[in-house]
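Participant: Residue-level listing of the chains:
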Amino acid sequence: MNKFEYARPETVAEAVDLLAQFGDDARILAGGTDLVIELRNRWTEPKVVVDVKRIPEFAPSITEHDGVVSISAGAVMADVTASDLMHREFPALPEAAVVVGSVQIRARATVAGNICNGSPAADTSPPLLVYGAVVVVAGPSGKRRIPIDDFIVGPGKTALERGELVLAIELPIPGRPSGSAYTRLTRRRGTDLASITLCCGVDGNGTTRLSYGSVGPRAFLVVDDSGVLADPSVPIAEKVEPLDRMFYQASPSLRSLRASPDYRLAMLRVLGARALETAISRMTKELVT
Amino acid sequence: MNTMIEIDVTINGRPRTLEVAANHTLLEMLRDDVDLTGTKECCVVGECGACTVIVNGRAMNSCLMLAAEVDGAEVVTVEGLEMTDDLSPLQGAFLDEGAAQCGFCIPGQLMAATALLMHNQDPSVEEIQEGLAGNLCRCAGYEQITKAVMAAARGAIDA
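Protein sequence lines correspond, in order, to chains A and B.
Take the working numbering: the final residue in the first sequence is number 1670, and no numbers are missing along the way.
Take the working numbering: the final residue in the second sequence is number 938, and no numbers are missing along the way.
Take these hints with a grain of salt, some might be off.
Computed list of lysine to any residue pairs in SDA-like fashion (alpha-carbon distance at most 25 angstroms, straight line) [claimed, not checked]:
1) A:1384 - B:871
2) A:1428 - A:1462
3) A:1434 - A:1521
4) A:1434 - A:1421
5) B:926 - B:850
6) B:926 - B:871
7) A:1434 - B:861
8) A:1434 - B:876
9) A:1384 - B:781
10) A:1434 - B:871
11) A:1384 - B:823
12) A:1434 - B:826
13) A:1384 - B:876
14) A:1384 - B:926
15) A:1384 - B:783
16) A:1434 - B:926
By construction, these hints were calculated from the structure, which means they are not laboratory data.
This one's a predicted model, so the numbers in the text were calculated from it and none came from an experiment.
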């Protein structure tokens, strides 16, 4: 690691000041599960590392207010997997959080950091896209709210501007009935980066929201309003073609070591059908109960 | 702001005030500054678990944390498991089951298993496997390690 200063701001304003002052020479430290590796490998050589974990607003919390659930920027994967509220309203998010790294990583890695890191394979990106998450950001000109689809830009890139940092991620509680599911493809079960990440959400209005990552520069969201995909009474054989069309954004890299483009594209369809069926079965279970 | 930071940290029950480098990891601090070399350095990217310690009750990779981050925290390393000159029941179970072969991963395995048993006194085999999925054993002694954790849990329940 290069020599850097360690700053531990106690307020959002202090953090914003530091980040605005140092710009690209500052790095935000939350869980550190990516940053510390980058530091050790000297992929990043900041002048200052800003540890935001002692700022009161960052304290790990998952709270509901007026139909919106807010995940604080300090909340770690283990907080999401332990939350009854998450399992009840946003089941695909704990499904994604529980496969991130290992117990050790999940005790440390934050959801906010997962999306700020900008990995195309970030496990939480597809569920956040399907649930229509909004990222709450603080910066030199105050707070702003960025839809997750605009927040995620490309590999290592987000919509964050100089001096800005994430405070929380907000999720509107979906109307009923609705169902959602997360699935991924890895080479082995534990501690692996995904070759495909995929989340599917359906609702009673016939809308299907499908999001997939690790098959392009970022996770994509594709929405289908035709009603065919989300319809429990339409046999899966009739959904093959419309589902196929949902994957038009996929462009897996030839250079990836984890899986070939052909394999990823083939598996994308398998995982898509599987997640769609699970999402529908969860929605119909809601209808029965 | 400084490149050296003074921190207060409780390590294995003993409160300490330490001067640590901003660019040192918790792992480096434990091994180099405090001479607790039971915690092992291996992959240094959070994949093997050899550096696992317990911070505020949760198993974490000490290679992925800056030393400065544990200011005010309670850290337990493998050296802290021994109870009044005796091995912990878990350590005893590792011996009885022959769970340690080359031994290099064992401090990390013990810490991950200790954290697991703190939160789940009666784990299933699957829960043990998931709880230790972040700890690699190059000798592939997983069967014995799982058995040892199970034996320690059973022993605590029967006692």
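Participant: Now tell me, hint by hint, if it's right for this structure.
Facilitator: Status of the hints after comparison with the structure:
1. A:1384 - B:871: Violated: residue 1384 of chain A and residue 871 of chain B sit about 43 angstroms apart, past 25 angstroms.
2. A:1428 - A:1462: The hint is violated at about 35 angstroms.
3. A:1434 - A:1521: holds, 19 angstroms
4. A:1434 - A:1421: holds, 21 angstroms
5. B:926 - B:850: It is violated: about 36 angstroms lies between the C-alpha atoms, which goes past 25 angstroms.
6. B:926 - B:871: holds, 12 angstroms
7. A:1434 - B:861: Violated. Residue 1434 of chain A to residue 861 of chain B sits at ~32 angstroms, over the 25 angstroms cutoff.
8. A:1434 - B:876: Given that 25 angstroms is the threshold and the Cα spacing comes to 41 angstroms, the pair is violated.
9. A:1384 - B:781: Within the cut-off at roughly 10 angstroms; holds.
10. A:1434 - B:871: With a Cα-Cα distance of about 37 angstroms, the restraint between residue 1434 of chain A and residue 871 of chain B is violated, given a limit of 25 angstroms.
11. A:1384 - B:823: holds, 18 angstroms
12. A:1434 - B:826: holds, 23 angstroms
13. A:1384 - B:876: violated, 45 angstroms
14. A:1384 - B:926: Violated - the C-alpha atoms of residue 926 of chain B and residue 1384 of chain A are around 45 angstroms apart, more than 25 angstroms.
15. A:1384 - B:783: holds, 10 angstroms
16. A:1434 - B:926: Distance ~38 angstroms between residue 1434 of chain A and residue 926 of chain B Cα, so the pair is violated.
Of the numbered hints stated above, those contradicted by the structure are hints 1, 2, 5, 7, 8, 10, 13, 14 and 16, listed in ascending order.
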